[in-house]
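> Chain by chain, the residues run as shown.
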Amino acid sequence: MAETQVLAKQKQQHHHAHHFMSAEAEFEASKQGMWVFLVTEVLMFGGLFTAYAVFRGLYPDMFYEAHKFLNVKLGCLNTVILITSSLTMVLAVSASQRGEKNKTAWFLACTLILAAGFLTVKYIEYSAKFHHGLLPAGFFHNETIKHVKAPLFFSLYFIMTGLHGLHVLIGMGLILWIFTRALKGQFSSGYYTPVELVGFYWHFVDLVWIYLFPLLYLVG
Amino acid sequence: MNKEHVSDRHYDKHYILSTKNACLVGVSLLILTAITVLVAGINLGRLNFIIAFLIATIKGTLVALFFMNLKHDRKENAVIFLTSFVFLAIFIVLTVSDLFFRGDVYVKGQLGFAQAELTSGAIKQPWISTPELITKGKAAFSIQCVACHGAEGKGNGPASLALKPPPRNFTSQENWKLGRKPSQVFKTIRDGIPDSAMSSFSTLPADDRWALVHYVLSLGPKPTEDTNEDLAKIGIDPSKQTAGSDQTPSITIDFAMQRMIEEAENKR
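For the record, the sequence lines run as chains A and B. First residue of the first sequence? That's 16 in this note's numbering, and the numbers climb one at a time after it. First residue of the second sequence? That's 2 in this note's numbering, and the numbers climb one at a time after it.
You may find that some hints are simply not true.
Chain A side only, calculated, beta carbon under 7 Å to chain B, not exhaustive [stated by the list, open to error]: (1) Val-57; (2) Leu-63; (3) Thr-65; (4) Ala-66; (5) Ala-68; (6) Asp-76; (7) Thr-94; (8) Ile-98; (9) Leu-102; (10) Val-105; (11) Pro-166; (12) Phe-215; (13) His-218; (14) Asp-221; (15) Tyr-226; (16) Gly-235.
Computed, partial: chain B to chain A, Cβ under 10 Å [said to hold, decoys possible]: (17) Ser-19; (18) Val-28; (19) Ala-35; (20) Gly-42; (21) Asn-44; (22) Gly-61; (23) Ala-65; (24) Leu-71; (25) Arg-75; (26) Asn-78; (27) Phe-82; (28) Phe-101; (29) Thr-172; (30) Asn-176; (31) Leu-179; (32) Asp-196.
Here are the simulated lysine-lysine pairs, DSS-like style, with alpha carbons at most 30 Å apart [claimed, not checked]: (33) A:Lys-83 - A:Lys-199; (34) B:Lys-139 - A:Lys-164; (35) B:Lys-165 - B:Lys-125; (36) A:Lys-83 - A:Lys-46; (37) B:Lys-188 - B:Lys-223; (38) B:Lys-21 - A:Lys-46; (39) B:Lys-188 - A:Lys-199; (40) A:Lys-46 - A:Lys-199.
Worth flagging that the hints you see were computed from the coordinates, not collected in a lab. Even glycine gets a Cβ: it sits at the ideal position worked out from N, Cα and C.
Construct the entire structure; sequences and hints are all you get.
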């Protein structure tokens, strides 16, 4: 008896907006909105992937020569970090769906720390590139790469990983936001929309990196 | 109270990924990453790229299906998301096929050959500068050379920033690595300069190349004239009236571009 009352209370905790028929309709609409947003994200990164395809097609030898100047170990480490963070994120979402508030906050904190780890590794990589003059277009000043079109590779490298890094940074802000809300106990098995949708965003960031890693670091 | 809304029942059944399954997907993703890195270490030619791309797609599918819960989500959401990839594929395939196969259209069509015949060997003694050749050269320059050498031929085109050594400044007589006689400049345009961005333009009709020679030389002080020996060095018999077909067939610019791409691929 007491248990059902608690459950009923949890469901009442979140009042859905008046223009929705039910909390469920609100949740489904929010989720669909997120998918539509992710479509625009695919197309934004898509432009860069197309540019990559064009230039790799034009200068395959240059891509092969230039990619050797990226650190595969660090790139691989970052892939592992990001995949693990996706796992902790999905565990946070499941925990919040079950109404396990402490677990939710704990997994979100893990995700946040892993995200910070990703950006730290990225910082180390970027510093090395700056140090060796492996920079985009006119900023490029490296004597060891012979191919004249090499600056193009680093333009693509910095724009693609830079835009991705920006997404990681925004993702961290969003995770921090739901983390503080989770600490305040604002989510329950009846209302977890923000946790699930931030999760989508974070998995998308992971998805982009899954393609970026082999395309930039492992040019065959 | 009245009837329960249909979707509310669905709500109670909202799919929750179990910890075990989440970990299984996570471990699969890590194993697939390890495979990608290991396979990249083996040289399989073109197959390397295909394998890396396939594995990335498998990983992406796992993330979308399980982490993003697309497997148990409403079908319309899957359709929405997948549609973006369909459009991305159209974008990439059309752009890339335009880039690599446009040349075929021009060369295989009649236009390609007709154009080449018209522009090759039509000019008598093209190694001697004339105002007509300079005008013709200026037109070719604005298509072939401006990107690096700049509109005024000062070696400061938009692409020059990224080039080492920098493109030649035609308005000065300094630093002409391979000489500044017309025959020497012709040789440079024909063969390119090794270890620099100056590539061979041997696929342009010979007359166009001579026109370019006279145009770029007209931008600076008058060059030393060629002797018969100089012309003989590049395989031209001055007693004949035309440069003939040179040693390479004349083809269109688009085909020339494609040739350059193929050369780059072969070097790999």
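> Was the hint right that A:Thr-94 lines chain B, CB cutoff 7 Å?
holds (5 Å)
> Holds or violated: the hint that A:His-218 contacts chain B, with Cβ atoms closer than 7 Å.
holds (5 Å)
> Quick check on the hint: B:Gly-61 CB to chain A CB, less than 10 Å?
Because about 5 Å separates B:Gly-61 from the closest Cβ in chain A, which is inside the 10 Å limit, the hint holds.
> Can B:Asn-176 be said to touch chain A, with a Cβ gap under 10 Å?
violated (18 Å)
> Against chain B, is A:Tyr-226 within 7 Å by beta-carbon distance?
With a closest approach of 5 Å, the A:Tyr-226 hint holds.
> Report holds or violated for the interface hint on B:Asn-44, using the least CB-CB distance to chain A and a cut-off of 10 Å.
Cβ of B:Asn-44 sits 7 Å from chain A, so the hint holds.
> Given B:Val-28 was flagged as interface, is its beta-carbon under 10 Å from a beta-carbon of chain A?
Status holds, d = 9 Å.
> Identify whether the interface hint at B:Ala-35 stands, where standing means a beta carbon of chain A within less than 10 Å of its own.
Hint holds; B:Ala-35 Cβ to chain A Cβ min 9 Å, cut 10 Å.
> So, as I understand it, the hint says B:Arg-75 touches chain A; can you test that by seeing if any CB pair is closer than 10 Å?
holds (7 Å)
> A:Thr-65 was flagged as interface toward chain B. Is the shortest Cβ-Cβ separation under 7 Å?
holds (5 Å)
> Holds or violated: are the alpha carbons of B:Lys-139 and A:Lys-164 at most 30 Å from each other?
holds (26 Å)
> For the restraint on A:Leu-63, tell me whether the closest CB of chain B is nearer than 7 Å.
violated (11 Å)
In terms of the numbered hints stated before, the structure departs from hints 2, 4, 29, 30, 31, 33, 35, 36, 39, listed from lowest to highest.
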